[in-house]
Each structure stands twice: as structure tokens, then as C-alpha cells.
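As you go down the protein sequences, you meet chains A and B in turn.
Mapping of the first sequence onto our numbering: residues 1 to 595, in sequence order.
Mapping of the second sequence onto our numbering: residues 1 to 595, in sequence order.
Treat the hints with care, since some could be wrong.
Since the list can't tell identical chains apart, any single copy or any two copies may satisfy a pair.
Here are the simulated DSS-like pairs of lysine-lysine, each with C-alpha atoms no more than 27 angstroms apart in a straight line [as the list claims (entries may be wrong)]:
(1) Lys320 / Lys456
(2) Lys407 / Lys218
(3) Lys557 / Lys456
(4) Lys407 / Lys572
(5) Lys456 / Lys218
(6) Lys517 / Lys320
(7) Lys565 / Lys575
(8) Lys320 / Lys218
(9) Lys417 / Lys557
(10) Lys417 / Lys517
(11) Lys266 / Lys575
(12) Lys218 / Lys517
(13) Lys407 / Lys222
Hints listed in this document are in silico derivations from the structure and should not be mistaken for laboratory results.
Protein chains: 2
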Amino acid sequence: MFDTAASGNRADTSKHGRKSNLLRKVFPISGWVSNYRREDLIGDLMAGLIVAIMLVPQSMAYAMLAGLPPQVGLYASILPLIIYAVFGSSRVLAVGPVAMVSLLTLSGIGAIAQAGTAEFVALALILALMTGVIQLLMGIARLGFLVNFLSHPVLVGFTSAAALVIGSSQLKHIFGIDVARTEHPYQLFINVANNLPETNLIALGVGAGSIFVLLYFKYFFKRNLLGLGFGSGIADTLSKAGALLVVLVSTLIAWGIALDSGFGLKIVGEIPAGLPPLTFPSLQTSQIIALIPIALIISLVGFMESISIATTLASRRRQKIDPNQELIALGAANVGASVTGGYPVTGGLSRSVVNFSAGANTNLSSIVTAVLIALTVLLFTPLFYYLPRATLAAIVIVAVASLFDLKSFRHIWAYSKTDAAALLATFLAVLAFNIEIGIGVGVATALVLHLYRTSKPHVAVVGRVGETEHFRNVLRHEVNTCPDACAVRIDESLYFANTRELENTLLSAVADNPELKNIILICSAVNFIDSSALDTLERAVDELRDAGVNLYLAEVKGPVMDRLKAIGFVDKFGKENIFLSCHQAFQFLGCEKER
Amino acid sequence: MFDTAASGNRADTSKHGRKSNLLRKVFPISGWVSNYRREDLIGDLMAGLIVAIMLVPQSMAYAMLAGLPPQVGLYASILPLIIYAVFGSSRVLAVGPVAMVSLLTLSGIGAIAQAGTAEFVALALILALMTGVIQLLMGIARLGFLVNFLSHPVLVGFTSAAALVIGSSQLKHIFGIDVARTEHPYQLFINVANNLPETNLIALGVGAGSIFVLLYFKYFFKRNLLGLGFGSGIADTLSKAGALLVVLVSTLIAWGIALDSGFGLKIVGEIPAGLPPLTFPSLQTSQIIALIPIALIISLVGFMESISIATTLASRRRQKIDPNQELIALGAANVGASVTGGYPVTGGLSRSVVNFSAGANTNLSSIVTAVLIALTVLLFTPLFYYLPRATLAAIVIVAVASLFDLKSFRHIWAYSKTDAAALLATFLAVLAFNIEIGIGVGVATALVLHLYRTSKPHVAVVGRVGETEHFRNVLRHEVNTCPDACAVRIDESLYFANTRELENTLLSAVADNPELKNIILICSAVNFIDSSALDTLERAVDELRDAGVNLYLAEVKGPVMDRLKAIGFVDKFGKENIFLSCHQAFQFLGCEKER
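Just chain A, same shape as in the assembly (with noise of 0.2 angstroms):
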């Protein structure tokens, strides 16, 4: 998939690696534009144009998809691109609008607005501007980690329902037809089957032929180019053109059809020309406040789709990404989305894959991609006027049919049927009620199934192997136990979630053998413990020794061992009752004699 010959040329990139200075860790850009190689430029220049041909119908397409005007996209590629450029420690990542974050537009904005209206568009501002400030924070507060809670389950469900929601959103565009608005994206489906008598045959033709030359592109034109004896860079180049291929086509065949004006074929209609207006959002408290929980997730999600590819390739040339850097960055792409016209952005999957086989080493290729955008809005925009948006529905079915991931659903449902519980729990979320509650579910599902899991450890009983100084499971091995004593490995570290579960362990072992007399936990695999737990043990201690029972701890690591003895558990533990190792233990407690 991805293109490694390119991986090889910028070894010295770590020439500048090692220049770290406070500049270069705020200005990501001072790393390489001081001193720049001339032969970076042709890379860089390719690239930047190779982007701006996919990006330029694809931003019309995600802008529409959002239900906002199709230049709202084309303004979301400009300055944004240029401030990342500036800001971010990626060198090749190709922001602008994406189709996930496009979607979550939509359904954040479309809940208290009617899309395509002024108001509509004036949100998406302040959208923008909501969610460049919640990164901005994130990254100077360091929070980089909260995407954390996205675990790799959740995403697929979300990604997969979304790419479902995504595509059914376009078949209206594809069939030419109208659907009303749904509360619930399953309903999108029955619509869509009712209303599909009434199908436009033009735009039906239109979109679907388009789906069928992007298909084409995608996945066969680039081997039959190299098949006719193309070089491999022409090729490569002539791939990505597809979607401006079916722009042209499609608009040419749509103005053709306009000469007698019939047929109800949908355009996209006048694009104002000229470069985006410089906007400032005009904030109403009320609109703020409906709009956090939307804000806050196309934060966390646009950054987590951001930083997986920006990390990605850059380890294909040993750079380093700083994901509070890359907050920050994305951030102020934001800010200056919300400031020309714009509405969210993040790094683009594909385009960034793009971006990097096409030979962009420095971010100079999205200053490029940005002033060929800026180009192409104040010329060309009037060409846009009979493109059918049955094309641009094509455009964004064909990007999104790759994000539905029925590979990876197989492959964490053969490994862990909980993990495979969290992904269905999402993915049925989104779709039943609404993206927001999709991911709230996902994430809160992750995090029981999680505590759950850890709530349980595995617990083993051990004895001696032999006459040597390993002890394993009993359950497992053949090996010698002690009448009155009982070693007990709790295979998890010490915390809140199971202390419950240590308690009981130790207790049901004191009350199943009336005999007991001494219980050693050993502690190899536990990494750390904390108060909830503290506060377990010293209890257990003082409930064991009421029962009669003495306990003693075994092979505590380094690090838990430093804290128990800072918090004076040790001290009134009894540092005789802790022992190095499970054998000393069992020397101590005279094991040996009693067989």
C-alpha cells in the first residue's frame, strides 16, 4: 500500500533532529526552512500539486457532505494548510477537510440548525473555533493522552458506522432523489428505499459512472499506465487525477444537458469567487454550549486520525512527531479555519499517504497545495457551476467505502470476544442513536469491559517445583505445597478496580483450609499499587492476623517496594515478613521439614 522506495532519500533529517531548540520545538517550520536543499524542491513542488488536483473536488465534496456551501471547502484548504506548515512536526501531513470530521459537522451543527442555511454556516465557524481552542489547550495542558480512551475496538465500530452513515448520507445525490433528515441514522436506509421510485436517471448515470471511473483509478489505472510503458512518477501523478477527471466529464456533460435546461439533474451552482473572506465568529453562549460535546470529539478524533498517520510515516524516515506539538498545531489550523471561512480541518488519511509517496520532504509541498487552492478559488470557480453533485457524492462514497472495516472486526473478534463487545456496542451506537452517543457508549464500554477484565486477575496458587527455586501454579504443574502455608501469585498490579477481588482471594483462602496458617502473595507482576489497594492489604493484614492467619509478601519490585517503605507500610508490616524471593519464604516458614 504504501510506496517505500521513497523511504530512503533523508537520512540526514536527523541533522536537524538534533538541532532542538526552543524555536524549533514552537516553530516546527525553522527546522527546515533555513536551510533548505534545492533538491528537496522538485519532491516538494510534485507533491503540492498532486494534493491540490485530489484535494480541490475532494474539499467540495466533504464541504457538501457537511452541509455547508462547496467553497466553505476550498477556504478550509488554504490558510489552515499554511499555519500547519508552520506549527506542525509532521513534514507530510496533508491537512484539510476530512470526511469523518466533515460528518461530525454535520450531525453537531445539523442538530440545532437547518444545513444550508446563513446560521448553518455561521456555526461551523464557531465550530472551528471551538475546536482550535479545545486543542490548543489539550496541547499546552499536555493532554495529549485523553485520545487514550479511543481504544483500537472503539474506532473501528465508529470508523465502520461512520463510513456507513457517511455513504447512505450521499445516496441521495446518487439517485438524484430528496430525503428528509433523520434523527437516527438507521433511518437514512428506510428513506432512502422509499423514496427510490422517484429516482433521477440522469444523476443516477452520472454518479454511478463516476463511482465506476473512480474505482478504475483506484485500484487498476496506475498498473495499466505502468503497463503501457508509463514512467512510474507520470503514472503515479495521472492516478491521483481521477476525481478531476469525473469533475470535468460530469460538468461538461451537466452544461450540456442545462443548454435546454430539464431533466432536474442537481448542481452545484454559483461559487463566489475570490479569495476566502476574513470572518470572525459571533459567539452566543447558548451556541457554545450545545456545541461542546461535538467540539470536543472532532478534537480527540480529528487529532487521533491526525497523529496515527503523521506517526506512521514518519517513522518510514526515522523522524520523531510530538503529539502536544501536533495539538497545538492543528489547533491554530483551526483557528484560521474558523477566520477565512473555513470549518474544521485535521490531517487527511489518504491525502497525507499522498502527500508522502509523491515525494514531499518538507511541509513546502502543503504551502504549495495551499497556494494552488488559493489559485483555483479566485479563477476557476465559475467552472465548478454545472458540476453535478452526483459527482461529488461519487467522490466522497469511493473515499469512504475503504473505512468500513470488516477485516479488522474479524480479526479482534477471533482475539478477544470483550474487545470484539466494545467495537459492536459502538458501531450499533452510532447508528441506532447518533455519532456523540456512539462514541460515549464505545468509550464507556472499552472502560468496564477494561475494569472488568483487571478486576478479575489471574490469581495462582503455587508451590515448588521440585528441589529448585521455581515455584508455578499448581493447577498446572506437578510441584510441593506446604500444609499450613499458602503462596498465592496475583498476575496484575494493585488497584482500585480489584482490591475487592485481593481481599476476597486472601479471605477465601483462610476460610476453605481451617489449617492455614500463613499466606505469601507474591508480588512479581505487580507494577504498582495504589491507595484503594494500600489500604486493602493493611486491612487484610489486620483481618488475616484476627483469623489467626500471618501474611508475608514476596519478590515486591524496586519501584512499589520504594513507596511502601516512603508511606511506613513496611515499618509496620514488618520488614521480616517481606521476603526477596518465594523460596526464602518457604526456608523461613520451614516448608521443608513439614513433608
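Following the hints, position chain B against chain A.
For chain B alone, coordinates are given in the frame of chain A:
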């Protein structure tokens, strides 16, 4: 604090423990009723009597704390106790109204009805029914593990704040002033302070006097009695009668004053005589929905309080508690409360300890208590007519004072600043907003901090100690390393919260060292790998290969290895790249020869 002398005389209960058939599991009462021993009777009768002496004034006081008429507390102390005796797996848990659940009841119902009204009383029945059903369902679904969400710091913060809230809610009775209900707890202090000039000196005298007597009984009376030569049993019983004494004396005082009926001392007034009425809550959907959050919190908090004390007391006699059976028993008790004019109940901490220390051997003591309370409502309610409210307030204040847990806060602060932060967040949120929000904030804070902690696992680059097979942290020990290989030990299970850090660790090692060709990931502390981490590992292998680096695994645990094999990771990754020990990996990579 506990009377440990009682713990020796019941070693034979393990006989019951072995007879564990289904009947015994569903009706734990069958475990002791069929072979009840005459020598247990004295202890059960005495304990039942002492608990009843405590419970009569306490149950009235807690009912009034909950905004309910005093008889509701008495009603909640009859049938629920008998039901718990049938279903409960603890032999000594004393069920009934408790301070915390009463406060939660006031907080939850107070938001939708006026305290003291008939609607409020009706809602208490609904709440008891909902709590009962939730606990029953949780028990049947074996969801007892959900209490693991309530970490020790959150509980300490919550309980301490609740103690302040409860205490301050009683101040108006002590001072005999009127204080308007406030939306947020902290405002109560201000309102009380503002109204202090209106203080009723008679009320203050009765209230402060009661507090003084109660504190004397709680901390000094038993010691004094023993000093005077009384037997331990008598001293114990008499020292529990403090509440009864202040009730009697203050009632007499109020009766004397009321002969010329003046001074405005507030009294309990008429309590209807007779057994609890059979009630069935009339359910309205809107009320049920409004009460769901508080019913969930009461279910969990009540269960938590019960299970903690039941486990502690059971361990003294080597008995076992079944958490899910406890949920069923408490749930049934709450349903019982809802059909006999009561309100939500749970196992009380101090009351159960008294029951245990007074020699309760079986749940017969609870049945004795219930019968005595029933006699009280049948015969003695007219005696409480002149009982001053200030006295009941004093009983509540003394009971909850020990819940304010400064010692635990200091301990947790010293042990872990992050855990202390969760405690403080809970404490302040309860005072600033309300109980429900406080618990929510606490649980969320604890979870986020836990994720934060495990998202930054301890990672050590290790090297060989001398010529041994031991490998230690390069930062802490003088060790030998390889120039082109890096051995990394990650001290945490790999799951969604730390996969990003895992990826960063591996890719940073590569970016920082251009000569690096091999990475050995040591998994000795990895107890499980979830599907997010599996996905990251799979990607990391590819990304590292693209960067010209080989990844090896060492010391993978058995259960983890089993799952990696089952999913096909081992075959794809290459069995030859997984080593039993770090030593073998170093040998394979020829590190020895390099130096």
C-alpha cells in the same frame, strides 16, 4: 475498636460452610436454621436487643434526616431485617436505615418534591422499590464488580463530604432555627450562619446536651463502668444505650416544658401506632426516570457499605461472603421496605459491629431486633410525642462525625498525589454541586487518573549485568549493552491506554539512534495484550521493518503467548523472533562478539 475476643468461639461454622447445595446458596438461612444450636441463643437474643435499643432512636433520626416522618424509619427496620435474615450470606450484618442512604434519599427526592409532603413519602417507596430491583438485577447478572468503580480515595472524599453535608443539615434542629433548603450544600453553612441570631436556646440546650451525653457514652462510659467493677457484658450493653437515654431524658424535659406549651421547641409529634401499612408504590414513568440516577447511586453505595463491613466481620470467623448473593439479599430487603411503608435500607457499619461484638451468632439476632421494633411501633409510639427534634439531630451528628476521615486523607496524600487529587475532586464536587455530581466527578477523575498512570508505563532500557544472565535498567546499573541492539522492558500490561506510548517508545528509540538495527521488547511484566495493543504491535513490526529495524520479543508469559499463537501473530511475526529470555536474544544477535 473491634472486640476481638468474640472471634475465637465459632470455629465450627466451617461445618456449615461445607454444606453448600443450591438451597443453601439461594436461602442462606437454611444453613443455620435447621441445625440451630441452643448455646447460640443467648448471644443472638442479647445482640438483637442491643441493636434494637440503638436502632429505635437511630431509625427515627435517619428518617427525619431523609426528610421523612420518623415512623418511616421504624417501618424500614422490621420487614427488611427479616428478609435479609433469609437471603443474606452474612450472619451478623445489621440492615436498616443508615445516614448515607438517608442523605442520598433526601438529595434525590428533594430535587423533585417538597420534604415532609405525602408526595415525598410516596416517592421514598418508589425509590426503595427501584433500589431493590436494581440490586436484585445486579445480583442476578452478577454485576457486583461494578462497585470496583468506587475507588478508596473517591469513597473517602465522598463520605467525608457527605458527613459535612449531613451534619450541617442537622444544625438547624440543634439551633432551633428555620433554614431554607439550598440547591448546593455549601450554601447551607452560609444560611445557618445568617440565621444564628434566631437561635432557640432551649433547643440548643437540648441539642448540645444530647451531643455531650452521646459523646461521653461513645468514648468514656464503658471504660468508667469497667472501672466501677461492672462486668464486660453489662458495660457493653449499657454503653450502647446512650441514644435511648438522651431520648428519654429530653422527652421528659420537652414534656415538662410543653405543659405550659411555649418556647417553640420543636418536637416529633404524633406517630401513628400499629404495624407498618401494606403499601404498593404507584409508579409514574416520569418519576421513575427522574429517580434513576439516585437509585443507581444508592444501589452501589449501599452495597459498598454493606459488603465492606460484611466481609470484614466474616473474615474474623473464617466465614465467606458471596457479593452477588448480598446484592440479592439487599435488593429483596429494599423491595420489602417499599411494600411496608419504609425507604431504602442497607447494612449499617456501626450497628453491624455492635451486633457482632454483642455476640450475634446467626441472623436470628436480626429477627429479634425486627420483632422488638415491631413491638415498639405497636405499643410505644405515644411515648415519642414529646421527643425533641434537636435530640434526633444530635444522634445523627454524633453518628456521622466519625465519617469525616481526615486521617485517610493525610495517608492518601502522603502515598499518592494523584489519588489525593481524586479524593479532593470528589469532596469539593459534593459540597459545591450535589451528591450525584460529586460521585460522578469522583469516578471519572479516578478513571482518568488511572488511565493516565497506566498510559505512561515505566519503561527501562536494560543491559547485561557483567557476564551473568541478569538484565537491569541501564540508568540504575553498570551494564553492558549492544551498539546496534536495544533491549526495552515495559512494566505494564499492554492495552488501549498505553499502546500509543508503546509505539512512541519503539519509534523514539529508532529515531534517536540511527545505527539501531534490532529492538528486543521484554514482556516479563506484560500480563495481557488487548486487541488495541495487538494492532499496535502488528503495525510497529511493519513500521520498524520499513525503517530497517528488526523487532524481537522476549520473556512472553504463557497465557499471553497462547493468545498470540491462537490469533496467528506468532506465525506471522516469526517464532524464531520470540525468545524465552533476554539472554538468548542477546546471544542470537551476537552482542557478545561486538564488544
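Each hint tested on the structure:
For a Cα distance limit of 27 angstroms, the shortest separation of lysine 320 from lysine 456 across copies, 18 angstroms, qualifies, whereas the shortest one inside one copy, 38 angstroms, does not. Taking the shortest Cα distances, lysine 407 and lysine 218 sit within 27 angstroms of each other inside one copy (19 angstroms), while across copies they are farther apart (67 angstroms). Taking CA atoms no more than 27 angstroms apart as the test, lysine 557 paired with lysine 456 passes in both settings, with 21 angstroms inside one copy and 18 angstroms between copies. Only between protomers do lysine 407 and lysine 572 lie at most 27 angstroms apart by alpha-carbon distance; the minimum there is 16 angstroms, versus 55 angstroms within a single protomer.
With identical chains, the CA atoms of lysine 456 and lysine 218 are never at most 27 angstroms apart, being 48 angstroms at best within one copy and 40 angstroms at best between copies. Proximity of lysine 517 to lysine 320 under the C-alpha cut-off of 27 angstroms is restricted to the inter-copy arrangement: shortest distance 17 angstroms between copies versus 56 angstroms within a copy. Only within a single protomer do lysine 565 and lysine 575 lie at most 27 angstroms apart by alpha-carbon distance; the minimum there is 9 angstroms, versus 42 angstroms between protomers. With identical chains, the CA atoms of lysine 320 and lysine 218 are never at most 27 angstroms apart, being 30 angstroms at best within one copy and 65 angstroms at best between copies.
Proximity of lysine 417 to lysine 557 under the C-alpha cut-off of 27 angstroms is restricted to the inter-copy arrangement: shortest distance 21 angstroms between copies versus 32 angstroms within a copy. Proximity of lysine 417 and lysine 517 under a CA criterion of 27 angstroms is satisfied in neither setting, with 40 angstroms inside one chain copy and 36 angstroms between copies. Taking the shortest alpha-carbon separations for lysine 266 and lysine 575, neither the intra-copy value of 81 angstroms nor the inter-copy value of 58 angstroms comes in at or below 27 angstroms. In this assembly of identical chains, the alpha carbons of lysine 218 and lysine 517 never lie at most 27 angstroms apart, being 71 angstroms within a copy and 35 angstroms across copies at closest.
Within a single copy, lysine 407 and lysine 222 get their C-alpha atoms as close as 25 angstroms, which meets the 27 angstroms cut-off; across copies the closest is 72 angstroms, which misses it.
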